[in-house]
Amino acid sequence: MRGIQQLLQQHALFQDLPEADLTLIGGCGENCVYNAGEYIARENAPADFFYVIREGRVAVETYMPNHGALCLQTLHDGDIFGWSWLFPPYRWTFDARALEKVRAVRLDGKCLRQKCEEDPRLGFELMKRFARIVTERLQATRLQLLDVYSSERPRTAETRQ
Amino acid sequence: MTPAIYRIDSRVEEFPGTCTVRISPESAGGARRCSAGQFNMLYAFGAGEVPISMSGLQGDGSYVHTIRIQGLVTRALHRLNEGDSLGVRGPFGCGWPMDKVAGRQLLVVAGGLGMAPLRPIVQALMAGSARPASVQLFYGARRPQEMLYAAEVEQWSRALKVVTTVDHADTGWPGQIGVITKPLGAASVDIENALVFLCGPEVMMRFCIQVLLAKGVATEAIYLSMERNMKCAIGHCGHCQWGPNFVCKDGPVFCYRDIRPWFDIRAL
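First to last, the protein sequences are chains H and V. According to our numbering, the first sequence is numbered sequentially starting from 7. According to our numbering, the second sequence is numbered sequentially starting from 783.
Everything labelled a hint here was simulated from the structure, so no lab data went into it. C-beta atoms are modelled at their ideal positions from N, C-alpha and C, and glycine is treated no differently. Be aware that a few hints might be false.
[What the hints assert, rightly or not] Just a few of them, taken from the derived set where beta-carbon distance is under 8 Å, the chain H residues facing chain V: (1) Ala26; (2) Leu30; (3) Ala65; (4) Thr68; (5) Tyr69; (6) Gln79; (7) Leu152; (8) Val154.
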């Protein structure tokens, strides 16, 4: 338990949280290892966990009929994976697959959700911290959509017609 | 102002629509000395003239340029083969401040074709010059197939910390998938000692600067290469005027501190 708490303490997401909160969150966590090719999450499956990636590369993918898996982004050491545990219907919206051996801390979102309901201060604190990650990912996705390296000019509403 | 005649010694197709040429003058004496970040005006006979950055170290009296098809002139230049002639004026402009590199934590951030003007810096560092305290290269591209100098980047990664990221790829790609701002944001930066050389599409540079400033990097530690409609290349015609600066003469490499007021103005 102490080990998980220490690991979390070193991560930016949990920085400066009171000791009691860290103990509580650490109590919902465990170390886990995924081998290359193993799925960490599958689209539409219950999203009961989220992950702090300690080491390794994870592909966030979606399946396209007649094409196969399409990788949307890769996550790496220090990244957080998963926020579907925070919002109904608590199901994964994408697949996540280990591209190499991945070591992570798996946190029980279902258990944390319950604790956040009981302690709104902790709930709001976690929500603020996750909102920041969501915002950063949204900004990155928008930048990706801009296709800035293309030699063609971005299409506007007028040029799309 | 009169172009000198150069001949294409070698030509490598980097990927469809983009090639790298080594050119040398037909007259004796070799090409004039240039510094990393400067550019030449390349003239395709009958088509016109365009500014193209130096994309390689000059060691043998030649210039190296990477050309991507963007319009009529670049299409004409791209069509040229080994042995063909073109006109050259230059070198022009202010390059990267290599005199500031010694002892600094150097972050080289390249996006897409922006790798081309930064390549001479990496080549110089690989050759042991400038002596920074450390070097990190961040290189973002659209797809793995559209990465410039792929074999060379692979070589660099054995000596320098190189992070490559592409917007789209399948999982066979060993680098990162996503935008360049993510690894840049995750990088460990010594804000007191960092020096950043940044080149890529303007929107990419804008987002990278946001990340760097959020990390606490000083505006005077960020240098970027700007692109504008350059015609005369010597600050006379005014085509590339940008605030009080002429990009061709005062740039194309600027310190972000000096151009910040104009960088943030839309449509300028």
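Here is what the structure says about each hint:
no. : hint   : result
1   : Ala26  : violated, 29 Å
2   : Leu30  : violated, 27 Å
3   : Ala65  : holds, 5 Å
4   : Thr68  : violated, 12 Å
5   : Tyr69  : violated, 13 Å
6   : Gln79  : holds, 4 Å
7   : Leu152 : holds, 6 Å
8   : Val154 : holds, 4 Å
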